[in-house]
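Read off the chains here:
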Amino acid sequence: SAVISQKPSRDICQRGTSLTIQCQVDSQVTMMFWYRQQPGQSLTLIATANQGSEATYESGFVIDKFPISRPNLTFSTLTVSNMSPEDSSIYLCSAREGVNYGYTFGSGTRLTVV
Amino acid sequence: AQSVTQPDIHITVSEGASLELRCNYSYGATPYLFWYVQSPGQGLQLLLKYFSGDTLVQGIKGFEAEFKRSQSSFNLRKPSVHWSDAAEYFCAVAAEGGNKLVFGAGTILRVKS
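Just so you know, the sequences run in chain order A and B.
Heads up, our numbering is the position in the first sequence plus 11, with the first residue counted as 1.
Heads up, our numbering is the position in the second sequence plus 360, with the first residue counted as 1.
Isolated chain A (complex conformation) (with noise of 0.2 Å):
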């Protein structure tokens, strides 16, 4: 199955700013997603990166806080915007190659926003 590499592992940002995320998987995969991850709670889907067209987003997640881009088969970076301390969470980049393949995640982006 594909290996995704997510950077940065974990920051610590100051409120108001933007930190983006990179996902890199070694090989073209159909989908790739973004999900949060907050203290103690289970993974919420914020978007799917479509490739060459703008990101399907989940209810409650907009593109201006969370822009999202995928130039390619193998790339997408998700962008949390003008943070707060309500965005410190796990960011988890994911990918599917294939029904058969099951979903693959990332190790994830640990955000603390003081």
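Read the hints as simulated data drawn from the structure, not as lab findings.
All figures in this text were calculated on a predicted structure; none of them were measured in a lab.
For each residue, glycine too, the CB sits at the ideal point set by N, CA and C.
One thing to keep in mind: the hints can contain errors.
Stated by the list, open to error - Here are the computed distance ranges between Cβ atoms for each label pair: (1) B:SER412 - A:GLN49: 39 to 49 Å; (2) B:THR365 - A:LYS76: 28 to 38 Å; (3) B:HIS370 - A:GLN49: 12 to 22 Å; (4) A:ILE23 - B:GLN402: 17 to 27 Å; (5) A:GLN49 - B:SER386: 15 to 25 Å.
Given the coordinates of chain A, assemble chain B onto it according to the supplied hints.
Same frame as chain A, now just chain B:
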């Protein structure tokens, strides 16, 4: 829309004892079901998945899960737990041919020696 319930937030078992983690899903058609494990500070690792066919699925690290359509369940089992199995376990469902995964709340497994 699909949903997943993991009724046990925490489970503690003795090392060497058997384990069963419960998962119930809600989805009207054929679900794709997954179990993932997350160790502290780590990403998610796929333990096993079910799409169709044999309802008893074997995974990595000695885990297995059984799909029971009549009970809308996909419980994870292991006959003998090791201390290294202590982690958080997530059950997830995807719609047939669908894209996104929906996760349960997770079950934290503690292993006592």
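Could you check the hint for me, namely that GLN49 of chain A and SER386 of chain B are 15 to 25 Å apart, CB to CB?
-> 23 Å, holds
ILE23 of chain A and GLN402 of chain B, beta-carbon distance inside 17 to 27 Å?
-> 20 Å, holds
Measuring from beta carbon to beta carbon, are HIS370 of chain B and GLN49 of chain A in 12 to 22 Å?
-> Roughly 18 Å apart at Cβ, these two residues keep to the hinted range, so it holds.
Should the hint that SER412 of chain B and GLN49 of chain A are 39 to 49 Å apart at their CB atoms be regarded as holding?
-> The hint (39 to 49 Å, Cβ to Cβ) is violated, given that SER412 of chain B and GLN49 of chain A are roughly 34 Å apart.
LYS76 of chain A and THR365 of chain B - C-beta distance against the hinted 28 to 38 Å = 29 Å, holds
Going down the numbered hints, you'll see the structure goes against just number 1.
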